[in-house]
Structures are given as structure tokens and as C-alpha cells.
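Q: Single-letter residue listing:
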Amino acid sequence: MAQAHVPMADKHRDRAPLFEGTAARFVGQKVLRKEDPRLVTGHGQYVDDIVLPGMVHAAFLRSNVAKGRITKLDTSPALALDGVIAVYTHADLRYVPGTIVATMMQAMGGAACPENLLATDDVRFVGDCIAVVVAESRYIAEDALELIDLVVVAETPVVNLEEALTDTHIVHKELGTNITGTIDIPRDPHIEGLLTESAHVVTATFNQARQTNSPMETRGIVASWDRFRGELQLHMSNQNPHEMRRRAADLLAVDESKVHVAQQDVGGGFGQKMFMPREEAVIVLLSREVGRPLKWIEDRRENLMASNHARRDRATVTFALDADKKIVAGYVDINEDAGAYPFGGAGAGAMAGMLLQGPYKLQRTAFKSYAVFTNTCGRAAYRGPWQFESVIREQMVEHVARRIGIDPVELRRRNVIQWEDLPWTTPMQVMVYDNMSPAETLDQAVEMIGYEAFRAEQKRAFEEEGRLLGIGFSLYIEPSAQNMGALATEGATVQISGTGKVDVFMGTGSHGQSIETTMAQIVAEELGVHVDDVEVHQGDSNTPFGGGTGGSRTASIVSGAGRAAAIQVRQKVFQIAAHLLEANPDDLEIDSSVISVKGTPAGKTVTLAQVSHTALYATEGLPPGMETGLEATARHRQEAVTWSNACHVCTVEINRNTGAVSFARYIVSEDCGLMINPMVVEGQVAGGVVQGIAGVLYEDFRYDADGNPLTTTFMDYLLPTAAEVPIIEHGHIETPSNTPGGYKGMGEGGAIGAPPCVFNAVADALWLLGVEVFDHPLGPNEILDALATAG
Amino acid sequence: MSEVTVHMSVNGTARRGRVEPRKTLADFLREDCVATSVHLACEHGVCGACTVIVDGVASRSCLMFAVQADGASITTAEGLANPDGSLGIVQDAFRQCHGLQCGFCTPGFVVSVTAFLQENADPSLEEIREGIAGNLCRCTGYQGIIKAVQHAAATMAGTPTAMTTSTEGN
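Each protein sequence line maps, in turn, to chains A and B.
To convert, take the position in the first sequence, counting from 1, and add 1; that gives the numbering used here.
To convert, take the position in the second sequence, counting from 1, and add 1075; that gives the numbering used here.
No lab work stands behind these hints, which were simulated from the structure alone.
Beta carbons are placed, not taken as given, at the ideal position from N, Cα and C, and that holds for glycine.
Hints are not guaranteed to be accurate.
What the hints assert, rightly or not - Just a sample of chain A residues kept apart from chain B, beta carbon distances all over 12 Å, derived: (1) 152; (2) 514; (3) 610; (4) 725; (5) 731; (6) 768; (7) 773; (8) 782.
As the list claims (entries may be wrong) - Listed next, the stretches of chain B that the computed footprint assigns to chain A, with coverage defined by at least 3 CB atoms under 8 Å from CB atoms of chain A: (9) 1082-1096; (10) 1108-1116; (11) 1126-1137; (12) 1164-1176; (13) 1209-1222.
Work out the full structure: start from the sequences and follow the hints.
A: Take a look at the structure:
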């Protein structure tokens, strides 16, 4: 399998050397994961593994119609069942309903939907929660659901974007419109001129299919209210313990200090568990009513139809090119389906519009974006929430190439931002690109795939055998490690015990990202200890405040805090060691927890355990006036986003009889700055790529015309298996960012680059027959339909 | 609902419990036998996260009732570690090859792969891909899992693949 690895010099900056005074042993290495031994033996602790004394179980009664009025809701038959403790409806929830400000567009003054945690007098999508049964077991709770006497009079639902825009039927009666908000960056006369008078002007409309995060562990929560202390203990499958604490405290109207959030292992999230959705909020509120620990574990049907959806987008885009085939202007109109109750991460169209230019020297862009409510499952964050910008742009680049008769690689090379163009200010003047390498990743991907040879084989296979081979690229840049609001900062506490072992406390919510390993690598490196001697504690609100694990922010921002705290502790270690060794702190180095004077291999040494023993147990041995202990808390503030980038290329073949697409090769050339752990980087890339592939070829969450979900099991909603996926080949280019350590975010990129790459490869194969496609998904049915249009 | 008594051996330990006839084997193993490696990710027999070995056969414990396993010998992922607690060959291969991220699907994979390699000790790449296609993973894109199966097969055959590991640093 091809592997390529190109370090790039940092051309701009005088960087302090990494790991001064330590041995540089762990960062950049394939360190095996500290998480693994417990997980491969089945001893992870996920939320459903938590069993508390007196714990009871909740199950939700959900709507089976998309829109309707509740005319009868009699819970008394359920309450009469043995083992049922209580049945709750909206009237039983003690909270102050506000509005759900979930989308960026709402935040800019658009319509916000009411915060109905349970249905009031109507239901608004299939899966909408109407009532909650609390019982001694989940089996009994589900039995009781069937006894509730519910009558809903169905009304005409709003199921798709087109219907929503007409406002003929309204999802949220309180609002009077289905449009949640609009951002309009109008075309000025200059752009208008370019878009009408340039040598080449091409317009196309693309649709993206509805996808859902589908973590293998569904959502789940155990909430325990202590009525005597007025405190809540919360175990929850989530990505963001500090956000959960804040939200729970707000709901219960108690101080944040009265809420403790703790979890051990989390079985994936991909954005779904970054904020607190309606069901978890209900459980938090009801835990106070029930007075016993209350558990709710979502089942898969609920997760598929009622957790959150994403990706249902449509865009009409126009590119203008001059006679040299340089893209001179772009305009896009983006429509997003936000569902009934969107939450954090919806409203991505605004970002998609702002990022339309991507890695190209496109001087003028403008956009309009709006999101609409529909009677479907609400939208929320899903890995690369605004990846539609790459879908639009990269599919458009290849569409334009076909229309004006230029090779798609050549078109990209004419337009891509080069190293010498950096730093580059985007057309809307709001972003400055730097420390990235789109041209270099394009070159690397072209070389790894053997582009010219593939084109020759494609031609031969078609002409001699009638086979449909295709190749597709996508080239993108990604603002990772956002510096907005609570996401801009993280803290870390580094403590050394009296035996010289290191505890690190971080506010992260790892759910597969290997944080216990990678952050231990960072701290071990800075402290000069073995990575096995560092334990990272996270997933708990009793840590320094942080914005959670998501947004490709851990490598840059969390590591910045861990690094800063470790450096402070190391400086103190050297001061104490210098006192013990009668040396100058500036002359010391530490490796494998042994402190010595640089350049004196046979000289006196002192161990970290001796230093920490002195700091905690024999404090009379400290330098005069020094504070006892060896611990520090430091924070990192991200001053600017990091610009990650990658080029994906894949080759496919279409089976003309079945419409199936099979992969020949899939290559990712990526630049996430310096890699903390290449094994983890490649794992994150591969996982994202397969999710992205699936969004085009396999996964497609469908509703019928009445708003009934049609894909509510894994028999219908098709996650890819090992039999379908390509073997992914990796190329790495390392352009250090200007953050401490030189890292960039990389958790989401695979899922951003893959959809347009796969789409383009299929489109390229179909173009052999003169057929064009514009929409996801491209399942066998859609491909057979496309083949049928060939002459 | 009336309860019935079931007996089974779980990872070599005799277990007896009283269960409702409708209680799934997965719930019995999780709730009554503390075998929490048995994970429920779909409860309709597709994802494979609840896979356990029942009398030598890899089985989806969400699709069986506990009463159907009365008298059976069950092995779960907990039972595939070595007696001293160190990782079994398949478990270690998953670690060496980064065959897991969040770890939720992992116990089911470890059980399925163990059963698969007992039937086919020297599988081809295509046989591996088909052989593990009954288990779903959302994190890894299966890349590390496929490698882990190859690595485990080679280790069992006494010809371990070269895995570069640097747990010890450089």
C-alpha cells in the first residue's frame, strides 16, 4: 500500500524548538492506545453499564404521524400496570420553556422554534415525544407505552424543502413561517458582471441526501437527583461534559455547582452528543420528580428516526471563468432542511456559503442561504456540519470541466492557491488562509493514483470492453479548531503524585478519538516521562472548563492547554531538582523521569519521584519560600482557526447490469500539521472517509409523502460493512500550524472530502456514456435510472 | 409474568437465574451475569455488537431468549482474554492494528473474528471482508479491523506480521 510523507518547512515563523529539555520520544510516534486493553476485553464502561441502587427505567411514547393534533391522551391504563411508577406528559415538566436557538441563522434574528421538550397539544414529526413511562424495568415501561390511550388527528405535513418554502402548511404554528432564517450576501454589480459576461458561465443544482450520525452506542442517560443536597449526578453518553452540566443546571434552575457530569466510555457521537437534546433534557427534569436514579437508553429505531439528521441540502451554484479558465466569481443559493426541532450544528448553510471559495484563487463570491423547518427529524451537528461547501464546489469544478472541455486536474491546478500565495485573504475578507498545502496535496494524490495511466486504462476498458471506470477528486480546506465562544479555549491540570506518576485532568468528552493516548503523549513529551506514567482523566465536569470533543479541536486547543500546564510543572521540577543536585535549573534535562545535568552522562541524577516526594512529603527539602506540590492548571486560547487541508482521489467501476459501484483505489493526501500519532490520524481519516462514502452510495434516510420514515432499522438504513469499503491509502504532508506544537484539526476532514470525491468518480464513469448526474444518493436504483437515459 | 429458571456456563462460570421467558439472552448476560461486553447497538440482529459464542457457534444474543440458551456454554469477549488477564491473540491484534476507536462494536467483532478464524485459519483478504461483514463499525472504516484479522491469523499460524509499534518511544 502506498504511503507518502512529506514534511514541509514552516516558512513564516521562528518557532521555539519543540520539547526543550526533554527527549522527544512520544509525539509523532505510533503509540498504542491506552484505552484499548479495557475495550478489547469488553471492560469498557458505557452508560448502559451503569447500574445504581433503586434505579428505574424510562421509555418514550412517540408520535407515529408527522403532523397532527392530540385529541386524547389518557395515561391511566398505563399507570395501572404493575411495575409502572409514573407516567408523565408535558404538563408535568417543571421548566421554563424558551425557544431553541439552534441554527446560526436563528441566532441572526430568524425564527426560533418553541422548546417543547414533550408534545403540548400537537405532534410535529414521526418520533416526536408525547409521554414518558417510568417503570421498574425497561420491559415493563415498554409494555405500558402500549396501554396509553392516544388519539392524534393527522394534518397535512411539510415533508420536503420545496413544500416548506411555500408556507402552505406550517410546521410550528407559533411562527407562521417555515423559514428559520436567511443570510443574504447579495451580488454587487462587479460580481453580477462577472457572472453574466465572463467567457464561461456555468450553473448547476446539486442535492445532498439525508444522513444520520448513527453512533454504534445510541444516546443514553442516568440521572440521579439528591433531594436532600439539591444536587444532580449525571451519567450520560456525551461529547461535552461542561455543556451538559450547564444545560442541566439551567433546566433545573439550580447552580452549576449542584450538577456533576461523569462518564467513562462513549460509543461514538460524530456530533450527535455535543449538546443536550430533548429526550435527555426530559430525563434530567423527571429525575427530580421520580426521586430515584432514572435511566433512559435509546433504542436503534429511536436513534435512526428521532435523534438527529443532517446533510439534506440543495444548492444552485454558478461559476464564472475567464478565457484562461480561471474561476473569477461564484454564487450559490443554499437551502437546508432543518427538520422540526433542530439543535446545535444546524444552520450550516451560512458557513457553506462563506467557504465556497475553498482552496481556489476565487476573487469574488456571494451567497444566499436559508434553512426551513419540516415535519421531519431535526437537524444537528454531524461530522463536518458544513461539508456541503466542498460537495457544491468540488462537484461543480468537475461539472464545469466537463462543460468547457478541460481536464479536471488541470482546471484545479490553474486555480489552486499556491504556497507563495499565502497568507491569502478570502473574498469576503473574513478569513485569512495560512500554513496549508492544497496544491501539494493535489500533486501528491495525482502522483499516488497514477493519473495519466488511469485515464489510458479507462479509455481502453471502455472502448474495448464497454466497462465504466471513473476517477474523482476532491480538494478542500477546513477551518479546524474554531476560535468562537466556548470553543476557543480549553484548560488542563497536570499533577504529579508523590510517587512521580502524572495525572492530567481535561474537560474533553472522548468518544473514540484516542484522547487518553494522544494527550498523554503531549504531556509525557513535555515532562520527560514515559507515556505509560501519564493518565488522562476526562469526561467529567470536575475538570477545567472546556468546549467538549468535537469540531476537530482537541489536537490544537486541548493539547495547547496540556502542553502549557506540563511546561509549568516541568519548570518547577527543574527548580526543585536543581536545589537537590546543587545545579542550575537551566542546565537540567529530563528523560524517562530522570533529571540530570546536560552533557554529564555519568553525573549525579535525581528522579521525578524523588522530586515529587520532596514537594509533597518532605517539603522541608524544597528551595526556601517555594510553594509545595507539583501541579499546575493552564489554559490555552485559540487565536485563529487552523487550516487543515486534503485531496481525496478514488477510482471506481460501475456494474452496468446492477448499478452497483465498486472501488478500485481510494487515496487521501492530507495535511493536519505535525501528527501527534500517525496511527490515530489515519484511523480518524479512514473512519470519516467511509462515513462520507456511505452518504453518497449507501445511507439515505427516506420519508414517504406523508412524512413516515422508511429507514428505521439497519436493514433499511445501510451502514457500509467491511465488504464494501475500499482499502484506503494515505499520503501525509506536514505543514505546522501556528499553534503550540504545530498541530491542526483532523477529526472531520475525511467525512468532508469523501462525498464529492465518490460522487465525482461515479459521475466521471457515467460521462463515458454522456450521462450527467447531480444528486446524492447514487444507489443502484439511481445509477440504473441514469444508465437508462444513455443514448 | 411468570419466571423460569435457566442454567448456563458463561466464560466457564456456572450461572443460574430466574428470567421471564421473553428476556433476551443479551439482557440476561448483561444484567444477570455481569457480562457487559455484550453490547446492544440495534436489537434487531444486524449490527453484531451482541455476538457471543453459544456452544461453539457465534450467535446474536439479541435474537435469542435466555431460555433458548438453557444448558448452553457461552463465551463472551471477557472470556477471550488469557487466564492471567493479558489480551488474547485477537484482542491484541485489534490493539496493534488500531482496529477500534470508540470500542462499542469491538467485543462483538472480537467474538466474531475468533469464531471466523476457527473456521478459516488462513483467510484471503476477500474472505476476511465477507467474513466480518455481519458486524458494523461506525468509527474505523474497517481498515484497522481488516488488518487485525490478518495479523491475528498470522499470529495464530506462528508468522506474525511486522507491526511497527513504538510504545517504548524512539
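Q: Does each hint fit the structure? Answer for all of them.
A: Each hint tested on the structure:
1. 152: holds (29 Å)
2. 514: violated (7 Å)
3. 610: About 19 Å separates residue 610 of chain A from the closest Cβ of chain B, which puts it past 12 Å; holds.
4. 725: Check fails; 8 Å does not lie beyond 12 Å.
5. 731: Given that some Cβ of chain B is not farther than 12 Å from that of residue 731 of chain A, nearest at about 10 Å, it is violated.
6. 768: Label holds. Min Cβ-Cβ 27 Å, cutoff 12 Å.
7. 773: Holds: least Cβ distance 29 Å, greater than 12 Å.
8. 782: holds (21 Å)
9. 1082-1096: violated (count 1)
10. 1108-1116: holds (count 7)
11. 1126-1137: Violated - the segment 1126-1137 of chain B has 0 residues with a Cβ nearer than 8 Å to chain A, which falls short of three.
12. 1164-1176: holds (count 8)
13. 1209-1222: holds (count 13)
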